[in-house]
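K.L.:
Hints in hand, dock the two standalone chains.
These protein sequence lines are chains A and B, in that order. To convert, note that position 58 of the first sequence is 158 in the numbering used here; the numbers rise steadily by one, no gaps. To convert, note that position 90 of the second sequence is 77 in the numbering used here; the numbers rise steadily by one, no gaps.
Just so you know, these hints were derived from the structure itself, not from any lab. Since this is a predicted model, take the numbers as computed values, not measurements.
Mimicking DMTMM-like on lysine to aspartate or glutamate, the simulated pairs with C-alpha atoms at most 25 Å apart in a straight line are:
id	chain 1	residue 1	chain 2	residue 2
1	B	K28	B	E72
2	B	K65	B	E55
3	B	K31	A	D126
4	B	K31	B	E55
5	B	K31	A	E129
6	B	K28	A	D186
7	B	K28	B	E91
8	B	K38	B	E55
9	B	K28	B	D43
10	B	K65	B	E39
11	A	K155	B	D83
12	A	K178	B	E91
13	A	K173	B	E91
14	A	K155	B	E91
15	A	K178	A	E152
16	B	K28	A	D126
17	B	K31	B	D43
18	B	K31	B	D11
19	B	K31	A	E152
20	B	K28	A	E110
21	B	K41	B	D11
22	B	K41	B	D83
23	B	K31	A	E110
24	A	K170	B	E91
25	B	K31	A	D186
Where chain B lies over chain A, by a calculated footprint (3+ residues, C-beta under 8 Å):
id	region
26	144 to 155
27	203 to 211
If you want the footprint, here are the derived chain B segments under chain A, 3+ residues with CB under 8 Å:
id	region
28	9 to 23
29	27 to 35
Ideal Cβ placement from N, Cα and C applies to all residues, glycine included.
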Amino acid sequence: AQTVTQSQPEMSVQEAETVTLSCTYDTSENNYYLFWYKQPPSRQMILVIRQEAYKQQNATENRFSVNFQKAAKSFSLKISDSQLGDTAMYFCAFDGGATNKLIFGTGTLLAVQP
Amino acid sequence: EAGVTQFPSHSVIEKGQTVTLRCDPISGHDNLYWYRRVMGKEIKFLLHFVKESKQDESGMPNNRFLAERTGGTYSTLKVQPAELEDSGVYFCASSDRLAGDYNEQFFGPGTRLTVL
Chain A
101 AQTVTQSQPE MSVQEAETVT LSCTYDTSEN NYYLFWYKQP PSRQMILVIR QEAYKQQNAT
161 ENRFSVNFQK AAKSFSLKIS DSQLGDTAMY FCAFDGGATN KLIFGTGTLL AVQP
Chain B
-12 EAGVTQFPSH SVIEKGQTVT LRCDPISGHD NLYWYRRVMG KEIKFLLHFV KESKQDESGM
48 PNNRFLAERT GGTYSTLKVQ PAELEDSGVY FCASSDRLAG DYNEQFFGPG TRLTVL
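Isolated chain B, as found in the complex (with noise of 0.2 Å):
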């Protein structure tokens, strides 16, 4: 079975551009979920989608994150445009289970934004 891959592995950019990550969930699991962590500090959740739906989107920094997720399946995270503050690791997870009952997130191995 296939595990979660993001892409790209790395982004270099210049402030101002813009940037879309990928994510491809474990097929079959509905949950998907991005988090960031910034340099040192700790994992921050992002947003979470069950299916096509954004069941949470409470940890979106500001209007300049968009994360899309069509058809249920592959999750794209747009930032337009890109500050430096946006620099970090943006990670993907997914899992099978809704809320209520023991919740494994499996991780991809995370895209690499550097915000010049």
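Same shape as in the complex, but just chain A (with noise of 0.2 Å):
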């Protein structure tokens, strides 16, 4: 059964700095997609990033970027420059593709502090 794992429930970061957030999956197959999701206090969840398994390059979208290591089923978020309104809920999600239904984690409430 494939799965994703996120092990850190919150996490907090002082304004302008830097901030990984974990995630890790099990899966048995080749190709697939990789998700980070944000969903801000009441408002709703958007995609952040994106990273497709055939693609050795980690996906960078302005000051989000991700550690993609598919031999060690890890798909880290670090979060450059923190603002606060990254303030949010941010969940790691697998797509395996031959079923479009995402797989998510449990999330991680990450706070920016001023």
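P.N.:
Written as structure tokens, this is what we have:
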């Protein structure tokens, strides 16, 4: 069975600093997608960044980047120059492609402190 | 372009009652998904529609849950009768791509269901 594990229920970071959120997953598939979604307080969940498993290069979206280690089945999210607006619940998710359903972790609540 | 909308935003009902949740996907999106997050746990897949057809309903907890998508547009999720363990946040998502391709799902704000 495919699973996604986020081992950090809560994290805190000072504004302008860098923080890394961890995510590991388990699958026997070779081709798949990984995502980080962000849900700010009382707002909709939005896609932050995605990674295709067949790509060796780590995805980057402005201040957000990932460290994708396929052999280790690890997919961490790094947020640089943290801003107050980054305060949110962050969910790591896996899409095996064949079924199209997303498999989520339990989430990490990130608080950016002024 | 309007995003995915869900109604109601909150619902508080008593055990044994019926509740119907509604989801309006992004216009033109054939794929519609329902997910649920029970407090403190992961978001779990419930089912997937392609247009009006149920593609995958493997995540539906039991036969107290009934999902429909009439005409391939909006979808409803009915819980009848509701039990305490049904409490949680129900998310709807839609996408315009099918299996085998990159599939970004756009999420609604969720409906928070509380069963007392």
